[in-house]
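2 protein chains.
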Amino acid sequence: MLPLFAIFTIQRTIMIRLGILGGGQLGRMLLQQAANYPVETWVMENDENCPAASLCDHFVKGDIRDFDAVLAFGQHVESLTIEIENVNLKALEKLEAEGKRIYPNTRALGIIQNKILQKQFYREHEIPTAAFKVLQGKDELMAEGGFLPAVQKLAVGGYDGRGVLMMRTEEDLGKGFDEPSVLEKMIRVHKELAIIVAIGPNREQGLFPPVEMVFDPMLNLLDYQICPANIPEKIMWKAEAISLSVARNLKSPGVFAVELLTDDVGNVYVNETAPRVHNSGHHSIEGNYSSQFDMLLRIILGYPLGNTDNILPSMLLNLIGEHGYEGEPVYEGLEDVLKIENAFVHIYGKRETRPGRKMGHVTVISSDKRDLQHKANKIKHTLKVKGIIKK
Amino acid sequence: MLPLFAIFTIQRTIMIRLGILGGGQLGRMLLQQAANYPVETWVMENDENCPAASLCDHFVKGDIRDFDAVLAFGQHVESLTIEIENVNLKALEKLEAEGKRIYPNTRALGIIQNKILQKQFYREHEIPTAAFKVLQGKDELMAEGGFLPAVQKLAVGGYDGRGVLMMRTEEDLGKGFDEPSVLEKMIRVHKELAIIVAIGPNREQGLFPPVEMVFDPMLNLLDYQICPANIPEKIMWKAEAISLSVARNLKSPGVFAVELLTDDVGNVYVNETAPRVHNSGHHSIEGNYSSQFDMLLRIILGYPLGNTDNILPSMLLNLIGEHGYEGEPVYEGLEDVLKIENAFVHIYGKRETRPGRKMGHVTVISSDKRDLQHKANKIKHTLKVKGIIKK
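Chains as they are written, first to last, in my numbering: chain A, 211 to 601; chain B, 211 to 601.
Derived from the structure by calculation, the hints contain no laboratory data.
Worth double-checking, as some hints may not be accurate.
All copies of an identical chain are treated as equivalent in the list; a pair is satisfied when it fits inside any one copy or across any two copies.
[Claimed, not checked] Okay, derived cross-link-like pairs now, SDA-like style, lysine to any residue, Cα gap no bigger than 25 Å in a straight line:
id, residue 1, residue 2
1, K343, V399
2, K588, G534
3, K271, V249
4, K271, W252
5, K568, L511
6, K568, N296
7, K596, E250
8, K579, G272
9, K385, F357
10, K395, N477
11, K596, G373
12, K549, E496
13, K461, A340
14, K271, M352
15, K596, G320
16, K594, N246
17, K588, F387
18, K596, R227
19, K596, N246
20, K579, T518
21, K549, N520
22, K579, G386
23, K549, L515
24, K549, L522
25, K588, N246
26, K549, Y499
27, K549, L511
28, K304, R227
29, K579, D473
30, K590, G543
Computed from a predicted structure; not experimentally measured.
Next comes chain A alone, as it looks inside the complex (with noise of 0.2 Å):
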């Protein structure tokens, strides 16, 4: 039987070549901080405008679901990690086999890949999670009235909201997919949180502080993340028990976002976990003192894991493109929020915006709470993603 976590002695005179797959706006904010290190970079990815092409050491064109693509692309590095879920699994098991190492590892991965295996290893190791019944098709969906108001999630294929249907009637059983999914019971949400987790190759252990996610109660999209969390300590050490035993039960060194959701009598669950850097970590690049793109590399490279702690309070915006144009970005307001103490834009360079796609993020950090949600709502009303072309 092959070790689940080895431990790993990495040669550390020499440079370590790093590939990782996907071009996004996480990759190219690891790239910002790999350049830091003695790392030798490779990125593969469909679109050479991709927002990491240009950062990176060594740029190849590929499709990161292909099996050939990934398995060529392997061969040029020693290590591999991924900035989106969607890769394909055999041929990192094939690298792993050859000795590559993976952050996260292919067991890791494979869990988290499938929401199926997801929910059985949350039930597996004790950890709490909505109760969920696990469908093969629609029959056995049909067959699960009792069970509503749920939220059925496609087994592989979801992502980003996509392969997800709320079920709240028996007539929204029939709108249900026929494929294997899970059937969450739906759980009266108080607060969204997130936890970054950082293990690191002899399963040192990393806990960023907690997120909380808020909500425009009217449209229901995400308006900012909070770190820390406003939570009692008791909500705190839950989460943060749960989180840890999430990362350490999936038994492979990476950085791990664990999305939690509380309800209004105390209970803390797991609603899913992303083996990866998550856009719930990015305010730790200006927020703390080291991010979770720094514990990353560290991880990858064998060194020492950061310090975790928050330099200040912060808060998080997404950019996100307006609905009604496309095309080439127009950051409408820039210059008003970099007058703003303390706020810091990253714009991920992508060629061109479409309604509700991610083209940045603000931070803004301040010693006091009521100071940042002040400056987060002015920021949210001054920043608009708008593009050339109106529709």
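With chain A held as given, fit chain B onto it using these hints.
Same frame as chain A, now just chain B:
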């Protein structure tokens, strides 16, 4: 007459193309920050393996001292900046006349590039600096026995310690340069300070807290720099006033590093000025809310200036190639240094080490200055840049 200081109204909705002359570590760190903003980056340097080559959108191999090369490079961009003074001024003057924006402008760069003009500039603006004589050749030098002890500095071509000779006795005069130069009266130096000044496109100004250079009394090598400097308020005020006066009188937008000397009776003198980001400002990446690199980009892109306040006091050590080694670098002790809380490592990605070559730096931040000193000493004795070839 051309206005010396044009009021810029930059059209901010289009992507600005920025050219950087020089591809060293300053360019590399500028590019790491540039990835946060909507800017297309171009770099020109003779070496395609230079630290900045892999982090820009477009790399052009070429000699930054060559008129034709700089002129051709300038056609790709709207704005240009430098990361080393030793660039072709005539080409930049032509580009400026064609409407390109140059940071610093060519008038300021021309003054700085020539030590005679630089010293005359200080005198003209009543900025305290060591007394000096302008010399056209050796004959004039030989007549200055009464002016010793002094320092002879070549008017042009001196860089990083080259082109500078100590003249302590009449005998030393015979070994002097037979070229246009300045002969500066030696100051009994108590402290060496540096202040980074930002001048915005509409003359807005920002001052970073003063940095103090601490030298090893045995080896006369820069040991580390501390920010803020340990100086009385009165000295700080003088240093700030002088630095501002230098930067404002240069009548150019940009970032300026003003190097200062104090004596033991409370005088403060300008030693020299760099019209660009500078080694003495590297700590600002982690130590200040807005770094010198962020500041330069804000100026070039027409944004408001950032916040120059220190987050925490900092110390910075340069990582210098050890004597006796060359070839591919080996960073001995890197892992131990990364164990130190809030130590931030920057490796510049140079392919080869050489004795005395700047290969990286480490910044430590802490609220406790004794803790800083302790950590800086530990880092100094732990981290060594060796090479795979031992001589």
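Worksheet item: So which of those numbered hints doesn't the model satisfy?
Response: Violated hints: 8, 11, 14, 15, 17, 22; rest satisfied.
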